[in-house]
Structure formats: C-alpha cells, structure tokens
Amino acid sequence: MPSPEDIKRRIEAAIPGAHAEVEDYTGGGDHFRATVTAVAFEGLSRIEQHRLVYEVFGGEIGGAIHALSLRTQAPVKIQSH
Amino acid sequence: MPTSQSNPIRDAITEAIGGHRVILFMKGTPEAPACGFSARTVAALQALDAPFAAVDVLPDPRIRQELSAISNWPTVPQLFVNGELVGGCDIVTEMYESGELAQALQ
Chain W
0 MPSPEDIKRR IEAAIPGAHA EVEDYTGGGD HFRATVTAVA FEGLSRIEQH RLVYEVFGGE
60 IGGAIHALSL RTQAPVKIQS H
Chain B
0 MPTSQSNPIR DAITEAIGGH RVILFMKGTP EAPACGFSAR TVAALQALDA PFAAVDVLPD
60 PRIRQELSAI SNWPTVPQLF VNGELVGGCD IVTEMYESGE LAQALQ
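Order-wise, the sequence lines are chains W and B. Start counting the first sequence at 0; every next residue gets the next number (numbering that gives the first Met the number 0). Start counting the second sequence at 0; every next residue gets the next number (numbering that gives the first Met the number 0).
Read the hints as simulated data drawn from the structure, not as lab findings. Among these hints, one or two may not hold up.
Said to hold, decoys possible - Covered stretches of chain B, going by a simulated chain W footprint (3 or more residues, C-beta under 8 angstroms): (1) 70 to 78; (2) 85 to 91.
Claimed, not checked - Short, incomplete list of chain B residues facing chain W, as computed with Cβ under 10 angstroms: (3) Phe36; (4) Ser67; (5) Met94.
Just so it is clear, CB atoms sit at the ideal spot from N, CA and C, and this is done for glycine as well.
Take the sequences, apply the hints, and build the full model.
Written out as structure tokens, the structure is:
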C-alpha cells in the first residue's frame, strides 16, 4: 500500500520542479489528497495539469489508489506595474 | 492490430456527449449518487440550477473503460460541456467556488 510519502516522492520525481503535499484522508492507504505546485504547470489548463499528475500513476488510479483528489497550481507569479 | 470492430458502448458514449450540452458521467444517479465525489459534483450543478444529463457508469464496467479511453481521464465523475471534458469532482468544485462553473454553464 502506498504511503503519502510514496505518492509525494513519485509526483516530485516525475514532474519537473514539482512540490507536493499529500495526505491520506481516510487513513486507509487508498484515498489521497494532493496539492501540487509545479513550474511545469505554467500555461496548462487545470485538466492538463491534473492529467500530468494522473499519468504518474497510470492504472493505479482507480486500482490500488482508489482516489487521488488533486489541487494543482503553477507557482505564484507576481506582476509588477 | 485487429481492425476495430463496431463498439456500441463507445458509440453510445460519444453520441451522448455530442447530444447534450451539459452531461455528467457518474456513479449512481443524481437522485441517488453512489459515491461521494459524484454526489459533490451533482450538488455543484444543482446549486447553480443547471440542467444536465446524467449517465450512470455502474451498470456495466465497460462504460467506465470506454469513457476513460475517450476522455483520457482515469476517474469518475466526469463533466462535459459542449462536448469537452471540464473535469472531475476536484476541478468542478474548484470552478464552482470561483464562479467559473456558472460562467461555463451559461
């Protein structure tokens, strides 16, 4: 059974510049919630951002990992005026 | 590779997506969702009084397989607007909270 640390490590290893916070929100080792910030997300729609994360796990989503709830974002960019 | 045979389930899903402006593929029905994620997605649509079509993926596992193959999205629920995947529960909830969902459904 994957741990939140496993999930975090795999996301960060697979997506350039990613930082992930992962929690197991049922304690059962199969429902995870992840917040992922990554430079690689810049310019991508939410759908595309989530797909990048789902692709890390392939067929495990819906299998060993019953649910992986996601919140994704590109790093905050501050605009100067 | 064998040539693709007719695939009635895939065809029916494609037709359903093309034939309804707003359509939700979910576990269970809007009246009786069978999964918390589907329930939350339905609740967001209903909170906006948005009319939507719904397809229960549970009666046949092939519905879910074919749907994911079409949409390149591994999980259910999946919301489509104007033939395009908007997202699953996380994205729909985020868009509901930000007001983007109301805009997308106008």
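These are the hints, each one checked on the structure:
{"no.": "1", "hint": "70 to 78", "verdict": "holds (count 4)"}
{"no.": "2", "hint": "85 to 91", "verdict": "holds (count 6)"}
{"no.": "3", "hint": "Phe36", "verdict": "7 angstroms, holds"}
{"no.": "4", "hint": "Ser67", "verdict": "8 angstroms, holds"}
{"no.": "5", "hint": "Met94", "verdict": "8 angstroms, holds"}
The structure fails none of the hints (numbered hints given earlier).
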